[in-house]
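J.: Spelled out from the first residue to the last, the chains are:
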Amino acid sequence: DTGVSQDPRHKITKRGQNVTFRCDPISEHNRLYWYRQTLGQGPEFLTYFQNEAQLEKSRLLSDRFSAERPKGSFSTLEIQRTEQGDSAMYLCASSGETVYGYTFGSGTRLTVV
Amino acid sequence: AQSVTQLGSHVSVSEGALVLLRCNYSSSVPPYLFWYVQYPNQGLQLLLKYTTGATLVKGINGFEAEFKKSETSFHLTKPSAHMSDAAEYFCAVSGSGNQFYFGTGTSLTVIP
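Residue numbers (our numbering), protein chains in the order written: chain A, 1 to 113; chain B, 1 to 112.
Heads up, a few of these hints could be off.
Quick list of the computed label-pair ranges, beta carbon to beta carbon [said to hold, decoys possible]: (1) A:K57 to B:S28: 11 to 21 angstroms; (2) A:S66 to B:A17: 42 to 52 angstroms; (3) A:F74 to B:A17: 24 to 34 angstroms; (4) B:E15 to A:T76: 36 to 46 angstroms; (5) B:S26 to A:L39: 17 to 27 angstroms; (6) B:V29 to A:E52: 18 to 28 angstroms; (7) B:S26 to A:T98: 17 to 27 angstroms; (8) A:D63 to B:L56: 12 to 22 angstroms; (9) B:G8 to A:E52: 33 to 43 angstroms; (10) B:T5 to A:E56: 17 to 27 angstroms; (11) B:T104 to A:E83: 37 to 47 angstroms; (12) A:E52 to B:A1: 37 to 47 angstroms.
Some but not every residue of chain B turned toward chain A, in silico, with C-beta under 7 angstroms [unchecked claim]: (13) V37; (14) Y39; (15) G43; (16) Y50; (17) S94.
What the hints contain is simulated information worked out from the structure, not anything from laboratory work.
Please read all numbers here as calculations on a predicted model, not as lab measurements.
Idealized CB from N, CA, C, for every residue including glycine.
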């Protein structure tokens with residue numbers, strides 16, 4: 001297993017369009033996290049899953065955002081009706097029950113034009 | 001609730017000088033603390049972490065950090081800066097669900 005994979009690496013979309021990102025965690029990890037990093041800022045926690053259950057959502061996750069992890073393996077993050085303020089790096093991470101082995105993916109950079 | 005404050009959004013040091021990047025945390029549970037480095041257009045790379053045990057933690061590339069509970073601090077140091085250390089550094093604390101809360105980052109510039 002080569003780590004956490006995110007697809008696509010880059011996405012340019014027009015304002016108002018919907019976009020979906022995918023994250024494939026390390027196979028034995030049961031926890032999966034999504035973060036958003038805007039330019040010049042630290043990553044901000046969005047949501048996390050334990051297996052297929054979404055256990056916490058940040059208030060940053062507006063109703064235009066939805067995340068799923070249907071079979072407890074890969075996860076998708078969808079943004080509907082994108083806005084220019086959604087332009088950011090979206091990072092995925094996975095871990096086991098503890099923080100040991102916590103691993104970040106390389107991220108998906110979204111640009112809304 | 002967990003949060004991190006990084007004092008100094010920009011730090012400049014001369015090559016060969018001591019690097020000191022400051023991090024203070026707030027946590028309602030015994031904290032797990034982390035330092036990450038990020039180079040331009042790249043992902044996060046773990047430098048070091050404190051979970052339990054020894055409070056002086058050694059990481060990669062000659063960095064180390066000391067957990068001081070009484071000061072709620074986890075400052076990052078390196079005795080001698082190298083040009084390749086120029087990057088953005090993030091301190092983070094983990095929450096009860098292992099979600100991370102990051103500081104706003106410190107940009108390190110190394111002057112030749």
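J.: Are the hints correct? Go through all of them and say.
T.: Consistency of the hints with the structure:
Roughly 19 angstroms separates the CB atoms of K57 of chain A and S28 of chain B, a value that falls within the hinted 11 to 21 angstroms. A C-beta distance of roughly 48 angstroms is found between S66 of chain A and A17 of chain B, which places it inside the suggested range of 42 to 52 angstroms. The hint said 24 to 34 angstroms for the Cβ distance between F74 of chain A and A17 of chain B, and at roughly 45 angstroms that hint is violated. Range check, E15 of chain B to T76 of chain A: about 45 angstroms between beta-carbon atoms, so the 36 to 46 angstroms window is met.
S26 of chain B and L39 of chain A have their C-beta atoms about 25 angstroms apart, which keeps the hinted 17 to 27 angstroms range intact. For V29 of chain B and E52 of chain A, the hinted distance range of 18 to 28 angstroms is satisfied, since their beta carbons lie about 26 angstroms from each other. Evaluation of the 17 to 27 angstroms hint for S26 of chain B and T98 of chain A yields a pass: the beta carbon distance comes to about 21 angstroms. Checking the proposed 12 to 22 angstroms range against D63 of chain A and L56 of chain B shows it is violated: the Cβ atoms sit about 46 angstroms from each other.
A hinted range of 33 to 43 angstroms holds for the C-beta pair G8 of chain B and E52 of chain A, which are about 42 angstroms apart. Between T5 of chain B and E56 of chain A the CB atoms are about 22 angstroms apart, so this pair conforms to the stated range of 17 to 27 angstroms. The supplied range of 37 to 47 angstroms is broken by T104 of chain B and E83 of chain A, whose beta-carbon atoms lie about 22 angstroms from each other. Evaluation of the 37 to 47 angstroms hint for E52 of chain A and A1 of chain B yields a failure: the beta carbon distance comes to about 27 angstroms.
Taken as an interface hint, V37 of chain B does not check out: its beta carbon lies about 12 angstroms from the nearest beta carbon of chain A, beyond 7 angstroms. Checking Y39 of chain B against chain A by beta carbon gives a least distance of about 12 angstroms; that is not within 7 angstroms, so the hint is violated. Given hint, G43 of chain B at the interface with chain A, holds; its Cβ is 4 angstroms from that chain's nearest Cβ, closer than 7 angstroms. The interface hint given for Y50 of chain B is broken, as the beta carbon of that residue sits about 10 angstroms from the closest beta carbon of chain A, more than 7 angstroms.
A distance limit of 7 angstroms between C-beta atoms decides the matter here; for S94 of chain B the minimum to chain A is near 5 angstroms, and the interface restraint holds.
In this structure, the hints that do not hold are numbers 3, 8, 11, 12, 13, 14 and 16, in rising order.
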